[in-house]
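Participant: Given next are the chains, with one letter for each unit.
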Amino acid sequence: MQATDWQLDENRFFDPEPTQRRLAAEIYAGIAHLPIVSPHGHVDPRLFADETASFGNPTELFIIPDHYVFRMLHSQGIPLEVLGVPRRDGEAADSDPRKIWQLFGENFYLFNGTPSGIWLSHELVSVFGIRQKLDGKSALSIYDEIAARLEQPEYRPRRLYERFGIEVLCTTDAASDPLTAHQDIRRSGWQGNIRPTFRPDAVVDLLAPGWVENIQALGVQAGLQIGSYRSYIQALEQRREFFKSLGATATDHAALIPQTGALSQAQAEAIFQQALHSQVSPEQAAQFSGHMLVEMARMSTEDGLVMQLHPGSLRNHNPEVFTHFGPDKGFDIPTATEYTRNLRPLLQAFGRHPRLTLILFTLDETTYSRELAPLAGVYPALKLGPPWWFFDSLNGMQRYFEQVMETAGLYNTAGFNDDTRAFASIPARHDLWRRTSANWLAGLAARHMIDLADAHSMAYEMAYGLARHAYRLDQ
Amino acid sequence: MQATDWQLDENRFFDPEPTQRRLAAEIYAGIAHLPIVSPHGHVDPRLFADETASFGNPTELFIIPDHYVFRMLHSQGIPLEVLGVPRRDGEAADSDPRKIWQLFGENFYLFNGTPSGIWLSHELVSVFGIRQKLDGKSALSIYDEIAARLEQPEYRPRRLYERFGIEVLCTTDAASDPLTAHQDIRRSGWQGNIRPTFRPDAVVDLLAPGWVENIQALGVQAGLQIGSYRSYIQALEQRREFFKSLGATATDHAALIPQTGALSQAQAEAIFQQALHSQVSPEQAAQFSGHMLVEMARMSTEDGLVMQLHPGSLRNHNPEVFTHFGPDKGFDIPTATEYTRNLRPLLQAFGRHPRLTLILFTLDETTYSRELAPLAGVYPALKLGPPWWFFDSLNGMQRYFEQVMETAGLYNTAGFNDDTRAFASIPARHDLWRRTSANWLAGLAARHMIDLADAHSMAYEMAYGLARHAYRLDQ
Amino acid sequence: MQATDWQLDENRFFDPEPTQRRLAAEIYAGIAHLPIVSPHGHVDPRLFADETASFGNPTELFIIPDHYVFRMLHSQGIPLEVLGVPRRDGEAADSDPRKIWQLFGENFYLFNGTPSGIWLSHELVSVFGIRQKLDGKSALSIYDEIAARLEQPEYRPRRLYERFGIEVLCTTDAASDPLTAHQDIRRSGWQGNIRPTFRPDAVVDLLAPGWVENIQALGVQAGLQIGSYRSYIQALEQRREFFKSLGATATDHAALIPQTGALSQAQAEAIFQQALHSQVSPEQAAQFSGHMLVEMARMSTEDGLVMQLHPGSLRNHNPEVFTHFGPDKGFDIPTATEYTRNLRPLLQAFGRHPRLTLILFTLDETTYSRELAPLAGVYPALKLGPPWWFFDSLNGMQRYFEQVMETAGLYNTAGFNDDTRAFASIPARHDLWRRTSANWLAGLAARHMIDLADAHSMAYEMAYGLARHAYRLDQ
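Residue numbers (our numbering), protein chains in the order written: chain A, 4 to 478; chain B, 4 to 478; chain C, 4 to 478.
Isolated chain A, as found in the complex (with noise of 0.2 angstroms):
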């Protein structure tokens, strides 16, 4: 066995230039212990709802579920059933966890200088202890050290949660989902602050699959006959109340394009009712799609919840693997995206309204200086979310910060996201952007374009305040 020598650097992604670096890390050790603040991810509720829940083996943990691990694998033609990916029709996947981890220890340099690279050390490292470089040699003994600690109790999501330092993380749920594991956390006792987010495409989209049953499980959870546009929104605003009632400030929503724009009622329900009988066409669907996105606005001017929209991500790119495998399953590719004509009637609307906040997120960071941040710097309903997805990386952060905050300012900016359903990547994820902001404060400071007193509050603000504050979680 190899020496026991990998660590974590105490100034990793700080700028290698000693005034920059000193700075910040001067500005991060004030925020490095702040409570992790989470509004917005994928994680299963369901781990937090029962005490002894556990996260299985390491191969559960931190391949199988993991697209943005199994996807690099597979680009280097690692077939997907081969990494315990499940196949829809039961066939039977590779099932020995050993034999995957040994696999993805033989190629865990491929993750070197990416954002999964450097979670994963991230874990092993700081989370499970782990002393030896993960590759094809050490993968067998990582795994049983990471098997082991998996079985005592302080490994439980429970724990790590409160190991962690999070004061609050919020889930991801269907419009229609019951949402019976976040009663059961709040029944049980644990002070642990799970929420959930209402998540309504797959009742808005009228080309999604199962739309119509979908509506009918939308009708039941809310005690509904949904039989017209009316009934229909009827059902989501008192879904919208529920989601409330168990801890929910915002709600979620994907589009491939952001187009909005409102219909009459008259022609909302003759859509609606097209779609009930299967007969929309995809004109008519997008634009139910882009009426609903301004309804869901005029929602969250009554009701409160913030709004968060995610476009451009173009799914199941490959119909084969979708077939095979299902959604998420690295096959979402980005595009072109348009926010200035396409947000427009939603916000001539509403933009300017008290009550409105909309959290904006791009998948195409051409937007970020032409027209997000232009836009977040005079509506004052915008804010813009934190780099996402593809773009959650130490570059990716840098790049936002220097194309969005010169013209939106940084307090129109809602901090910080996960955004993930691997819970025990949380914190190195956080770690990564706050590292990330101190040491981009820390490069202003340097330049004398801020002093350090700003530094310090900007960093504060970033790593807690604007999200607490951008989600309504300080109310």
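Just so you know, the hints here were simulated from the structure itself, not pulled from any lab data.
Hints are not guaranteed to be accurate.
Remember, identical chains collapse to one label, so a pair may be satisfied in a single copy or spanning two.
Stated by the list, open to error - Straight-line distance between alpha carbons at most 25 angstroms, and here's what the computed DMTMM-like set of lysine to aspartate or glutamate pairs gives:
| id | residue 1 | residue 2 |
| --- | --- | --- |
| 1 | 140 | 464 |
| 2 | 140 | 84 |
| 3 | 140 | 216 |
| 4 | 247 | 47 |
| 5 | 140 | 454 |
| 6 | 332 | 47 |
Quick caveat: nothing in here was measured; it's all calculated off a predicted structure.
Start from chain A and add chains B and C according to the hints.
Facilitator: Okay, now just chains B and C, sitting in the frame of chain A:
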């Protein structure tokens, strides 16, 4: 009152790395005191027509006319009325300048890390001698200090023009403007070099509000009855000559899309006649605008006026703000812009003509390396204007240097424009450009890509020579 | 004559920060002397077919054939004729090579800070031993020095190939090219490794000038009468085999838009027949090109040739230049390019095929992080080519590293291409890539994102291993 310690660091904006910083400071020292050439901006020439003109009170100088400032305050929910922005219907906006200034001081932290923050700090410290950092506590005493200075004769516009070391200042003037203020300046005997720029947008865009009245006004100024396309062209040519007689060396053209393409005389006449009867379609108006860009290039090859094109801003994004407050209120949002295909007809006709200079600007930074630099790097008529509007910032300049210069070459760029209506910010803006230029050149020299002699010579061009040459102010 | 002091600094292009610079120099030292792999370029193979071939005079070597050079001189108003660029009509261009060189020397400052400036300086200093900086004063004595060297046997192409340490050099050759020079090289017994690349654009683009004649030439070379789509495909397959027999490992494809999509055999045949009668519409030609990209991918899965796709250049932007001087005169301008949707049909068909390698290039850097890195980070068949054409520059490489690597991972990239017709610039181009790579890795190591062992291994791949592997030159 707090200690009087607000200062501008002598090495501000330079890279903290000692070698680069030392080189940057040395290069900057060679250009810091060069005269200011301001070939494109929006300062009101009436400020210089009357020796006793004044800037009013501090709120009238810094806040009410400057959409860079009040848009940021509005983005955080402060109504425009509360900031003193006048309503079109004459309903009273807040009118206590000290109250507005107090609000500005309390929110001055919003400008941390923004170019407005940098310019405002520079103006307060360097132009007005303020020594306390602006915040809610210091706001009113700073107001009083500035107000007192503004009453002194040495703070009148002409005196500041001289103190700022301005060699030439070009304004922007409608094609139908009688240029009374410019004539008054010339007649006054004052030695300041204030020149008009010919901006015909309001008579070229057939759908501009009041186009028919604008055409009548153009006719009055040209001494022509404009009843045909032919007389319209005559009037424009005469006005260009009149502008030249008062010192103009350039024209300026806005467009949402930089579409170009010549129509036949008959087509142009037919569309023009329909426009006179307010019967023109959006498609026809776009064709006519595209035609007129080619026609203006043709005129430039004849009368030698340098042509400027600024496309890509979707003006008045929020109609409610436009209705109540008018244009230029911070709600102008960029859009993706295409140059390669759109400019092709104009460049086929005149792109290699020895008498044409066409200076291009963009609000879409993706076009720097993809379209603008390759175009400017081969067409003799083309020059690239400096980073514009939202990109007149430290990072905006760095991106411009890094994305434009390798392909276009420095000598196909046009130096710096401040493009401002905030006269007192002119030295701050040119200083930021000069420091950022020096720092960029220092980086090239420190990497041994150029030698120090080249760096000094390039810095002189960036600060002074290129703008004079591109705008034919050296002829 | 001035002091002989023109040198290439041993730390050029490295970050000035001492820690990063030291690491960069250490990493570079490990790769500086690796053999050059040049898997894609436009060097004329005839240079190597004849042992006594010469590069001509300095103007013929450096200026007349290199559109990177004369486009910059033209952009400042120097007519192409004056630079010796030959006219199609045979009218005399300026033919005094010393006069042209003098003009080049006087204007050499235009290349300050550009990649051409870096390459030219490297060639002059390192290949030709020039010790005076090129300018108007030194031009003619430098001309004489170079001219004298070019007459020496050690400056013949084969000797420079050996001196440059080239391991393999791939040329680009039309599908109908008999590859005479390649056959001559093989027969000559010279040990240089020169390989052809199969470029079928002129027979695939149905609207290419002379397409019917190109098809006839293709038939002659394939020994087939091409009267049908079926025989056309047969001919292409046979030509690919012939190219392989002379060492080809790759094909190369240009497209304005990277549209892909299979037609039925009947559709393809129908369009092909119309093309034979010159009756094809632009839409049909586009469909056929998109079909042929899929068909070429299919052939690659069978014969193992690596496929390259270079879209996005709008060629011959100025028709007057094209008419008088022909193609490749600096008037090829990039356009925005879409990959996610356009490549989907091809990737659905073959993106996960174990025998396909498809190397993608772009002239639209916005696609690096938005489309190309996510696609290459999941599809096994995809690799990303290096920064291309205008982006083969220090900043272009840095943007590529920063925008591609975090998402795609280094191992889904294809190393470096010089893509040049300027043979003497090859060492300069590879050296810039190696230095910029070493500097990027040094930055990662200095930030503790990778360790130094990883940095050395990644540097080896970037300089040598990845290109050999991606182009199957290691098989």
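Participant: Which of the listed hints are broken here?
Facilitator: 3
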